[in-house]
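Quick mapping for you: the protein sequence lines, in order, are chains X and P. Sequential numbering of the first sequence, starting at 5, is according to the numbering used here. Sequential numbering of the second sequence, starting at 5, is according to the numbering used here.
Source of the hints: derived by calculation from the structure; they are not laboratory data. Because the structure is a prediction, the values reported are computed rather than measured. Among the hints, erroneous ones may be present.
[As the list claims (entries may be wrong)] With a cut-off of at most 30 Å between alpha-carbon atoms, the simulated BS3-like pairs for lysine-lysine come out as follows: (1) Lys-94/X - Lys-94/P; (2) Lys-94/X - Lys-115/P; (3) Lys-94/P - Lys-91/X; (4) Lys-157/P - Lys-91/X.
Protein chains: 2
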Amino acid sequence: MNLVLVEAGEMGADGVVEVRDGRAEHLRRVLRVGPGHRVRMGIVDGGAGTAEVVAVSADGVVLRFECAGPHPPRPPVDLLLAMPRPKVMKRLWAQLAAMGVGRVLVTNAEKVERMYFDTHVLDPGFIRERLIEGLQQACDTRMPLVTVHRRLKVLVEDEVEGLCPGTCRVAADPSFARPVTAALAGRGDRRVLLAVGPEGGWTPYELDLLARHGFGGAGMGTRILRADTACIALLAQVQAALKEAGAGGS
Amino acid sequence: MNLVLVEAGEMGADGVVEVRDGRAEHLRRVLRVGPGHRVRMGIVDGGAGTAEVVAVSADGVVLRFECAGPHPPRPPVDLLLAMPRPKVMKRLWAQLAAMGVGRVLVTNAEKVERMYFDTHVLDPGFIRERLIEGLQQACDTRMPLVTVHRRLKVLVEDEVEGLCPGTCRVAADPSFARPVTAALAGRGDRRVLLAVGPEGGWTPYELDLLARHGFGGAGMGTRILRADTACIALLAQVQAALKEAGAGGS
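Just chain X, same shape as in the assembly:
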């Protein structure tokens, strides 16, 4: 935890907040704070700054927040993700929040097992807890927006443009030889929407559906990666490409 993230509702008008859960535990046991110590703090979807520790007790830690600036811009990448195995999805939430994504559209696909959708790893409360963990790791306050979609076709045909308007769309698949940088070459100022398939891959029908709706193909080579490894690797390559373009590179 590199930043203590609190909900706006937890904090009094004077900026004083008492945390009692895992955050208090971490402050006491790992950071070993005492009165007068300063730690980084942020408000979910709000500003970030520092906080002074006012009091530490067995019940919790009382801090006084001082905002240093407005919330950071939303990360320029959204993710359309075919639901991985629950065990993998469980680990992935915090990592996605740490890497930085604006939106996550979790979707069904032909090679996704239906029972994956009936697990607690898609419960809003569970997701929020894991996303907060990732934001606290990465020192960000911007909560990724998450929606769950049971039909890929409906999502791609009817919903995606409303959720992620005007994005540069890229579908990742090991079958594509074109690297991510090339797929983003004509992006201009648009945000990116990256589609990552299930562990068995997109089917030809799904690849065709995505292509017909503007998703350009991109790949990372022939190695078959687990969904969480693939997501992080692809997001890292998209971020590198955006930074290079932003710096006036190729």
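Got chain X; can you put chain P on it based on the hints?
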């Protein structure tokens, strides 16, 4: 498991091998193979091809291997990694093998807790098992070479050139603004050695030590990532930069 990986010693001269462990379980329960079915198979540090299922029993699965080609080239990236928390390292082995690394030099550093080295996640048997899992995921047969180093200074001053000769050296740290692509610009045909610090970061002394031994600095931005997320993201950016250079790009 996208490829069944066997040790050369497990196989008879006729290419027949009986697997009995988790591989047999996966073949029976997930892939549901029967006699005559074909699966991808490879030999550790040897060739890859397919295998025909000869027999399936409660004890194991008998397969006959047909080699389709020599072993793939060693991945062009080596990793010098400050030992992360054991829980993180445990998960990372398979992902490193899946991403593709030639060598992993696990090292101590100032912000690494000594007790991390006394855990089973650095046992050669445990490491090999996890690496095989990653190779089976990515369809590779090249086992990464792993060594453990208790003194960073000795490693960097005396050992690294023997272990990873003539590499283009890059040290990753959130304090560096220069992206990975730029740090690899003068690489030529050299392999890459990527140094990734502990979760608390490299100290100024360590950054200076690395700089004095030819490690150019590179970063991915200001977000602080968990060691496993950082490794995968950095390896992905190195691989993208190598591919771009190989394709005659910038």
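Hints, one by one, checked against the model:
1. Lys-94/X - Lys-94/P: holds (17 Å)
2. Lys-94/X - Lys-115/P: holds (28 Å)
3. Lys-94/P - Lys-91/X: Cα-Cα ~15 Å, so holds.
4. Lys-157/P - Lys-91/X: Outside the cut-off at roughly 39 Å; violated.
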